[in-house]
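Novice: Put the two chains together into one complex; each comes in its own frame, and the hints tell you how they fit.
Residue strings, one per chain:
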Amino acid sequence: MSSHDHHHDHDHDHEHPRLSELQLRVKALESLLIDKGLVDPAALDIFIDTYETKVGPRNGAQVVAKAWTDPAFKAQLLEDASAAIKSFGFEGRQGEHMVVLENTPRVHNMVVCTLCSCYPWPVLGLPPVWYKSAPYRARAVNDPRGVLRDFGTELPDDVEIKVWDSTAELRYLVLPMRPAGTEHLGEDELVDLITRNSMIGTEVVTFPAKVPEAAE
Amino acid sequence: MSNPQPALDVLPASLKDRDGPVFREPWEASAFALTVKLHETGLFAWSEWAETLSGKITEAQADGDPDLGDTYYQHWLAALEILVLRKTDLTVEQLLSRKTAWERAAERAPHGEPILLPEDEIA
Chain R
1 MSSHDHHHDH DHDHEHPRLS ELQLRVKALE SLLIDKGLVD PAALDIFIDT
51 YETKVGPRNG AQVVAKAWTD PAFKAQLLED ASAAIKSFGF EGRQGEHMVV
101 LENTPRVHNM VVCTLCSCYP WPVLGLPPVW YKSAPYRARA VNDPRGVLRD
151 FGTELPDDVE IKVWDSTAEL RYLVLPMRPA GTEHLGEDEL VDLITRNSMI
201 GTEVVTFPAK VPEAAE
Chain Y
1 MSNPQPALDV LPASLKDRDG PVFREPWEAS AFALTVKLHE TGLFAWSEWA
51 ETLSGKITEA QADGDPDLGD TYYQHWLAAL EILVLRKTDL TVEQLLSRKT
101 AWERAAERAP HGEPILLPED EIA
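If you're matching them up, the sequences are chains R and Y in order. As numbered in our numbering, residues 1 to 216 make up the first sequence, in order. As numbered in our numbering, residues 1 to 123 make up the second sequence, in order.
Just chain Y, same shape as in the assembly (with noise of 0.2 Å):
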């Protein structure tokens, strides 16, 4: 009998153990944590954070990711970034700069050191 579902065993197994990680690197954490508060800061309905990240995950699987739980996150940020720029007046050339920023501002730090934003970048 053929399935034509995927079989649950081409997640790895580490993915099955009873507690595993809830965030697998710090950004997931802070994406969570945002759009929880701006939720509950009124700027948008769970239930249209529900259809824009579902949304996003079906666009996601019909380009191909195979959707196995660990791009979850990244579907996650993708529709925080559509509904903060629906919701706000911020733009796209002011995600873009501040992360032309960001990425400037990593280089200049020296190893170990906290990477921090100067005043100046800051459009």
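Chain R extracted, bound-state conformation (with noise of 0.2 Å):
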């Protein structure tokens, strides 16, 4: 191996097209829609700036450790999920309603979107591949039980399996139940149990916390 680190693995970038059919139409609508004045380059940046590094499933955990801890808040939530949500500062732009859902021992929701894969942006980020694929839009409505076994989630068979479909102006966000044997647990130590699975309720929230399954 040589010191000097040339890139000559790319050679032949020359032959093809240096930017994909897709990344051609993106920069055309943005730079028209820029010159335009119809959009701001910068905010745009700050924007995607934002989801990808501020914005997750970590909003949505410390919304449901407070709730684990914090009756009162519970209560708010269960009421008025939008304005207790926004008290933490995480607030929808597109002025959709936000709704939670409580599992008990009795019940267990899911949430899906048939139609396009609408999501609770501001609580959990963007959503993950398999949410807006057809498959899990049409199963999670179909067979949740089947659905809730690829993710390796067994739930007892009296538990009723209540399936969401958001839309446009609502977005659901499941408060999945606490786990036995996390009471001397404070509120950030149960953040980090909290999975973003379990917020759309495919998997349920264990202790000691799953270790994600290695990529294959």
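Everything labelled a hint here was simulated from the structure, so no lab data went into it. Owing to the predicted nature of the structure, the values given are computational and were not obtained by experimental measurement.
As a list, the in silico SDA-like pairs of lysine to any residue whose alpha-carbon atoms are at most 20 Å apart:
1. Y/37 - R/48
2. R/36 - Y/87
3. R/36 - Y/43
4. R/36 - Y/90
5. R/74 - R/178
6. R/74 - R/97
7. R/162 - R/146
8. R/36 - Y/82
9. R/54 - Y/36
10. Y/37 - R/91
11. R/36 - Y/96
12. Y/37 - R/37
13. Y/37 - R/42
14. R/36 - Y/37
15. Y/37 - R/38
16. R/36 - Y/118
17. Y/56 - R/22
Specialist: The following block contains the structure:
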């Protein structure tokens, strides 16, 4: 190995388009909209940065952990989720109404958007790829227990599974059950246990936390 | 017992990871940001957006897209193009000629240099 770092592996780049068809379409759209003054390029950058680094399932986990430890907050959250979540500074950009669904020993809630993958962005960030896929969208409705099994989630037969279909105006967040044995944990430690999928309803929160499977 | 619905295991394992990537490529992030920003300026209602996007997804499925989530932002971009053409005075011709301009600029840019659009190619 030589010490300098030329990138000759990519010699043949000039034979291929440097930008993909999709990249070109976005660039065309973006630059024309900027020229027209319809969007501000600086605002676009800030927005993307915020979604990539600041917004994510941790927001939702903070809401859930507070609900687990503060009964008054939990009551408020179930009563008016939009307002309770706003008190954290997490606010919807589309004016959508948030509803929190509480899991209990009898009822397990699971969220889907059968039309176009509406998702509670302010609390969960952007949706995972499987949430946007046709198999999930169809099977969550027709075979929710099967979907749960795919995620390694086995629920007792007497637990009722409710599936909620999001819309452009209505977004759901599942309030998972606090696992046994976590009574001594503080809010911050609880946040670390709460997974994105548990707030979509495809998993339950476990203690100790489930180790993510290694990618194949 | 036969199940008429495709199973989730048709998805690659990586798509089921706990906190998979939200955007797989930067253009997906750009398309997402443009849509939200244009909505915020009042160009379209979010319900109109959702309707257009779900229309594109349905269309793609009818055309044989297995729709596993990996093509989601392609549908997103197609829906955005439709709404921009519907709601602004930009035309298909302008989009196409701007796209060609970017393609030429990309071919001309030296390897590793940023791709810039020259003034005279801006239609």
